[in-house]
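**Student:** Listed below, chain by chain, are the residues.
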Amino acid sequence: MPHLEISDLITATDPHSGARLPVRRDEVIRRLHEAGDRRGARIVEALPADRQGVLDPAAVDRLMIDVHTELQRLSEELRIGERLVHVLGPLFDAIRATAVSAGGGTPLRLVDIGSGLGYVIRWLAAHGALGPDVELVGVDLDSALVGEAGRLARAEGLDCRFVHGNAFDLPEAATVYVSTGVLHHFRGPDLAEFFRAQAASPALAFCHFDIAATRLAPVGAWVFHRARMRHPLGRHDGVASARRAHTDETLLHAAAAPGMRPLLYEPRGLANPFCTTLRPVLGVRPELEAPLRRAMGRAARRLVGPEQLGGAPR
Amino acid sequence: MTALGGTPAVALALAALGLVDSAFSGFRAYAGRDARIRKHRAVARASLRGLAVGSVLLLAPVLTACGVVLTAADRDRTYATLTEGGIGYLAPLACYASAVLLSLAAYFFLPFRASTLAVVAGLGPLTLLRPLVIAAACVGSFVRGGGVASLLVGTVAGAAVLCVEPLVHRHWYSAALRSDPTPASVPAGA
Ligand SMILES: C[S@@+](CC[C@H](N)C(=O)[O-])C[C@H]1O[C@@H](n2cnc3c(N)ncnc32)[C@H](O)[C@@H]1O
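So the protein lines, in turn, are chains A and B.
Residue 237 in numbering that gives the first Met the number 0 sits at position 238 of the first sequence, and the numbers go up by one each step.
Residue 149 in numbering that gives the first Met the number 0 sits at position 150 of the second sequence, and the numbers go up by one each step.
Just so you know, the hints here were simulated from the structure itself, not pulled from any lab data.
Fair warning: there could be bad hints in the mix.
Unchecked claim - If you only want the chain A side, here are some residues facing chain B, beta carbon under 7 Å, derived:
1) T68
2) Q71
3) R78
4) L190
5) V218
6) W221
7) V222
8) A226
9) E286
For glycine and all other residues, C-beta sits at the position ideal for the given N, C-alpha and C.
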C-alpha cells in the first residue's frame, strides 16, 4: 500500500503555468480509501468544499499555512538551522577556496527547493550564518506558502526572497541547492530526475536533508507530531512522511547524477537513529570533494560515498 | 518529614511545580502558532499568560483543601492526612520534573546532535506523559495515606494544571499568528 500525504493531494498546481487547479474532495477521499487510509479520508471529509465538491482553495491555503506554521516548531526544536550550517558552512568554505568559484566575483547563491514557509532561509538570513556573500532564495510550488514566507521575511526585515516555482523546472540558478523534508515527496523516476536537473545546471553542489529511514522513524514521528502538532492533518502527514522516507541506498543511487559525486552524511550504519532524524544526501562537483572534507575536519568521517556504504552495517 | 512540620514545605513545593508547569503550558499553547524567527518576547508573553491563568486555576485545589479542613470533625488529623497525601502526590511529580529538567538542560547545553536526543527521546514523550503523571500523583497521594480527601484535592489540582494549556490556547492562540502584511511593517530595502 502506498503511504499518501494529504497535503500532496489537496493542492494541485499546473507544473507548466504554475496555475492553481481545482481539487475534488471525493477524488482525494477515494485515493486515500484505496491506499487503506481511513483516518486520512476522515480528515479530508471534514474540509470545506463547494456544491460541486471542489475543495475551497482559500480554506486549503489557510490550512496549509497553519500546518506549516506548526511544522516549523519541529524544525526549531530539531535545530535544523544549525544542522544545515554544520554541512553548508564547510561546503561554502570549500567553494570559496576552490578555483571553480572564481567566476568573476559572481555572488554565491543558496536556493532552498520546497521551502514551504521558508524557515531555513529566514533562519539563515536572521543569523547571517553563511556570510554576507551568500544570496538566500526559497522556491516552492505552493503559492500561498510562498506568499506567507515573503511576508514573514519582510515583517522581520530579513535579507532573503521567495519565489513560486517547480523543483523540476527551477526558476532560480544556484551555487548550491538545498531542501529539507522534500525528498520523500518524490518517488520513482522523479527522484533521480530531481537530482539530475540540478546536476545539469551550473550549480556546484546540492545538499538535501530528509528523514532517515530508520525503524524508529515512524514511531518517533508519531510521538513527536502527537506531542507537538494540533491539526490532525499535520499529525497524519508527519507519520506518513517518516514511512515514506527513502533508504540510504535509494538516495545515493538517485543522487549519482552525471558530473556530481554523490555523498551521504551520517548514513544509518554510522549514526544513532535518534540523532539522525534528518540528514543530507549531497552531490558535489568532483573537484570540491577534497576541499569539502578538509573544511569539515573530523566530521568528514561521517561523509560516505556509495563505495563505503556498500560495506557499512545496515 | 513529620506530617505537620512538613506541611508548608510540601505545599510550597507543589505550588512551585504547579506554577512552573503553568508557564510551560502557556509556552506550549503558543508554540507552533508563530512562524517568525525572533520571538523571545512573544515566548515570554505566552509563558506569563500561562502563569497568570495557572495562578487563578490553582486557587481551586487550595480552596478545596481549605474546605476539606474547615468542614472536618478533626481538623488536625485531616490537616496531617492532607500533608501525607501531599507528599505522596509530590513524589511522582518530582521524578517527572527532574526528567524534564535533565532533558531541558541537555537540549539547551549540549550540541545539536545530543539535543535532538533530548527532544525526541525526552521532551516529546514527556509532554505526552503529563496526564499519566498527574494520575500517578493522585494514586500516590492515596497510597501514601492521604485518603479520599487528598485524592479529591489532588484531582482538582491535576484538572487545574491540565486546563491551563487549552485555556491559554483558546483565548490567545487558536489561530496561527500571521505576520503583519501592511506596508508599514516592511523595512526599507528588504
Ligand atoms: C514537507 S514540506 C517541507 C517544507 C520546508 N522545506 C520545511 O522543512 O518545513 C514539502 C514542501 O515541498 C513543496 N513541494 C512539493 N513538490 C514540489 C515541487 N515539485 N516543486 C517545489 N516545491 C514542491 C511543498 O509545497 C511543501 O512546501
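**Student:** Can you list which hints this structure breaks, lowest number first?
**Tutor:** Of the numbered hints given earlier, those the structure breaks are 4, 5, 6 and 9, listed in rising order.
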